[in-house]
Amino acid sequence: MRIAQSGPDFELVMPRVLDRVSWEGGAELDVTAVTKTLKERIQAGRVYEPGYDLNGNPVSVRTLRYSPRPYIIIRPSEAAFPAETEYVRAAAPQQSRNTVTTPAEERSVMKQRGRQQELRANASVMSAPNTVSFIIPCGEEGADPSCDGGGGPPPPPPTVGGGGVALSAEMTKDYCYGNSPALNGTTDVDNDQIRDSCELAIASRLAPILNIGNNDNRPARQPYWAASRHPDNPDKIQVIYAIAYLADGGDWAFQFTDHEGDSEFIITEVKNVTGSTWGITDVTLSAHFGAEEGVDPLYQSGADSYYWDDLEWPGVPYPRIWASLGKHANYRSNTVCDWGGGGFDDCSGAYVGTQIPALASRNLGNYYNRPVGSRSPSTQLVNCTTWEETPYPAPFYGSYRIGDECFWNTSPDGFAGWHSINYTDAAPYRRILSIYEF
Amino acid sequence: MNSRLRLFSPRAAGFGTLTFALSVAGTLSCNNFVASRDAQERISGVYVLDRVDGVQIPAPLAPQEGCNRTVRDGIMTISAAGRDVQPMYDWSIAIVPDCEPIPPSVDQGTDDVGMWNFSSDDLSLKSMKGLGAYSATLDEASGSPPIVTFVYAGNSYRFTRVMRFDDPQGVVYVKFVDQFGQPVTGVILKFVFANGLQGGGQTPATGEYGTGGIVGECTISFTPPAGYAVQASQSNPFTVSITEGPALHVQVALTKT
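Protein chains in written order, with our numbering: chain A, 1 to 438; chain B, 1 to 257.
For reference, chain B alone in the conformation it holds in the complex (with noise of 0.2 Å):
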């Protein structure tokens, strides 16, 4: 025979593979599809960590290297696919060590980014930061928020929706300026919305941060750099209500030292 059909690529480390699997024809059935985007819409949103292993967080993992380590918190987020990008995830778990210093091979958590599509009830997961492709299952209790669970580095994560990609959010923005009118740089801001997100930042040298959430009531903490202080009148935290209409703009008046 004269076949003139030759293999291109992957060649060499993947051939071996790939006449396997193509050899054996796996049994397992697969039911992956390409949902409608009101499907994937249905699941879109961001999800919140809050058991690990059964244990709600903050949750104690093993120790590594004498470390005792507690699961602080984690966050994912799914949306759907748009005109000119695919369905895609992102997580992130952090895990805090009690010892200093953490030695490198203590694990502190990590985080993916990758794309997903439904298989059978379940959720498979590609990811392109190279944790490979891994599965996560999906319950959808009627009347409860959808969950997510998979498992990373042999436990087991719990996420829970606390927002739908069409909640309704806005901006707000918050400037720190001094006495004289002049923009102060370095304030440390911490956000914390309705529904329990929270953001944070810095101000660069406009004073000016802004973040987004969902509609509500938000709370602001910060922190001025030194030389500033709070002015007596000003709360610290305050709260302001955030709206779905044009971004909200506060400013924060500081004594300059």
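Only chain A is shown next, with the shape it has when bound in the complex (with noise of 0.2 Å):
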């Protein structure tokens, strides 16, 4: 209380996702406290905060590295509170689930607050106000049903980024998902509901501009995608870049180190504008996913989806994504590279950016969006395949064993850095797709 009087504001934070939405009041819970800020502490090299469970027990949280109990910990602030945070707090709606978040909210906060957060490292003030609120007013997008009161300004209007872009003349919406002609097995393959004509349209011509520096230690790369209707809107496509590079360069930070295969991925989410126009109204970014989920000092989910205009649009109706150096993860801007990963990752120097290929032979197909007892593995049309980009020297890339690698198998190893047989040290694409529900 000392501290508490004396220094700084302090927050009180239960920092990460997957303890929002799955924590739901019980006694496996930690409490830490610290008088340092992130940086500070990664500095200084400190994994573990000295803390107690909820019986009192002395207990060691780890809070730069994974840790298997939910956690609430007491630092210095990374934002200023308004003034009115009480009030907001005893104003919220009351909800009847027990977690402290849904995967809606979360999934919808991402998005509201990508203008704050560019706001913010526009300014290089890890300390500049932020207003972002988990509470989602009744009535929007991602609001818990039960909420009973409340309500708030409506959502942006349903734009594109850069206008969007003029297929054939016949990929209307109508056309592309079969209400006229209807789809058959020839002209959807994979099953998915999209004609195929219309989605390999849509992910080539709108694919990103991944950003790669040229000073990136293991840029090789060799990237595949795949379509599906929306899960949670199907009158939208969403589209993954799986950009499987053969290597993750490493970095110091956190103790990461370079490691074999770097299942790196964008989704984009894709509306009909008009006719055979159509557009990117959302787009989630990989970083450092699967790896505590991820290490953004404030948010630390490691794929966070961002409105069409909290991004680059430099000219053309897709986006421009940055690849921080080595470890590959992806940001909107230069500036939110070099803020992201807790100010480890690292966006200098020159780069150049490309749209990521997506080529018909690169459809990995499609399983996961539909129910369970539905689903038939015929719809997979790209599963294992081999490495066909320029071979890399071995001294540039150690030991790494350019071979086959598998997107789809049913295997504990899944992803594996372009060799099929060897443990894995990223997050298979396989539960990526799943997730995302291809």
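All the given hints hold, so there is nothing to weed out.
Simulated DEER-style distance windows between Cβ atoms:
{"hint": "1", "chain 1": "B", "residue 1": "Ser142", "chain 2": "A", "residue 2": "Asn233", "range": "48 to 54 Å"}
{"hint": "2", "chain 1": "B", "residue 1": "Ser135", "chain 2": "A", "residue 2": "Thr186", "range": "44 to 50 Å"}
{"hint": "3", "chain 1": "A", "residue 1": "Ala166", "chain 2": "B", "residue 2": "Glu244", "range": "47 to 53 Å"}
With a straight-line cut-off of 30 Å between C-alpha atoms, the simulated DSSO-like cross-links for lysine-lysine are:
{"hint": "4", "chain 1": "A", "residue 1": "Lys271", "chain 2": "B", "residue 2": "Lys129"}
{"hint": "5", "chain 1": "B", "residue 1": "Lys190", "chain 2": "B", "residue 2": "Lys129"}
{"hint": "6", "chain 1": "A", "residue 1": "Lys236", "chain 2": "A", "residue 2": "Lys173"}
{"hint": "7", "chain 1": "A", "residue 1": "Lys236", "chain 2": "B", "residue 2": "Lys129"}
Output of the computed footprint for chain B on chain A, the stretches with three or more beta carbons under 8 Å from beta carbons of chain B:
{"hint": "8", "region": "20-31"}
{"hint": "9", "region": "354-366"}
{"hint": "10", "region": "373-381"}
FYI, nobody ran anything at the bench for these hints, they're computed from the structure.
Note that this is a predicted model, so its numbers are computed, not measured.
C-beta atoms are modelled at their ideal positions from N, C-alpha and C, and glycine is treated no differently.
Assemble the dimeric complex from its two separately framed chains, guided by the hints.
Pasting the structure below:
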């Protein structure tokens, strides 16, 4: 209390998304408190912090490594509080759930906060005001159905980045979704309810620009892609770009080291604007996905989603995404990249951007976006595949083996760095495809 | 008191729950721990569903909306932490109703992906797909493969491991060409590996589809698309021997009719 009374502002945070959506108020919870900021703790090499469980027993809380137990941390504020904080809290609608948030709320918050994160990053001030709330006003997309009050402004107008792109004249929504003429096994081979010619056109014409640094020590990659109707909004299409780096170049922060296979991904959400014009409304970017749910100091989700107007559109209808040097975490601007990963991701030096290739031969197909009992593996078009890109000399890539890779295989090792029988150090693409329902 | 300690997040909804939990200070004893990589790998592997509420699959479930339902199959994988990823699991359970059309409210099974850790003798699972936190029992009897059991929608599902993470595996590619040497698109394939695990896919424009599985005999069956026939000399299904070395490449000739 002495520290609380005399020191800087402190905040009480349950920092991990996974804890917020899964902890139901049970006794399994650790509590810790620190006086150093995240950056100071990283620089000091701190991994554990002393804390207590709810029985009052001393425990070590792994705040900068994976913690198997949910935890709350009291720490110096990383965001200023608005004067009306208590009013906001008191006025918030009552929820019937037992968790802190729901996955839908987390997704909504990711999108809400994009603009504020950008402003803060541009200001280069980590403690700049942050008014992001986990409350979704009743009636808005993602709100708890049991909401009994509130209300708020309507969502942003439904527009798309860069104005969208006009595809071939026949590629209207009715044509692409098979309303007329109907789809069949020839026109929709992977049975994702999207005409194959449309999904290829959308995936290739609206593929993001991937900005890779000239100083990246492991840039080799062989991207694949897949499309499906959006699971929460079938009127939209989602496209995942599985970038499939040969290797992760490592980073000294958090004691991350290099490893074979780097399963980074970018997901675009695409809507029909009018006629045969389609455009991107939202983009989800992987950044240390699966590794302690990401290492961003405030959010730690590992895969944040953004509205189109929080992204860079360099005069084209597809966004420019920045890959951090070595680790390949995806960011929506150079500035945010330098601020990401707890401030240790880096997009310095010269960068060159090219659209991610979405070739017809690299369509992974589809599997998880139908009810489990009705799924058919025959809709998987590419599973195991071979490295086709320019081989890299051994001294550059060390002992990495360039062989086969499998995207859908039911195996614990999954995507393993272009060698199918090597144990993985990255999240398998199969699980990513399942989470996002491709 | 001029305390400067304030709540940042979660706000509102979580606050009541949070303060309640902190004030009551639960009485349960928890022994969760971060197991060594060796301990994690000890149970890593592929598990298949064998029993539902103690009944061998295919097992009946309570009807819904007038539809009789049967649990057809299920699969679960558990993996250890790697350099850049935490211990993860995933599972899928397929429930087949016998009615047509199937009302939307009828449960046809689901799947989950998340992170796991040991909790005493059991496993603590945290969903990344919105199923929350739940536990699974782990049975490790000497001389027998490990068994994982958890409850989903009121029924108990038991999975038994059929493949360890380090069992030797290999890759096989099957390419279909017509009598003119042109690749054949749309051939539907089914693979059954030596340990009973199955896979499948459909040939893309390259005419070639690859999959991986445990070393040993693999039975491959296929269905050509309309306009193609299986040549008389070609067995269907046929078997190949999966090896751990370089990938096996098989070419099958079809006749374009």
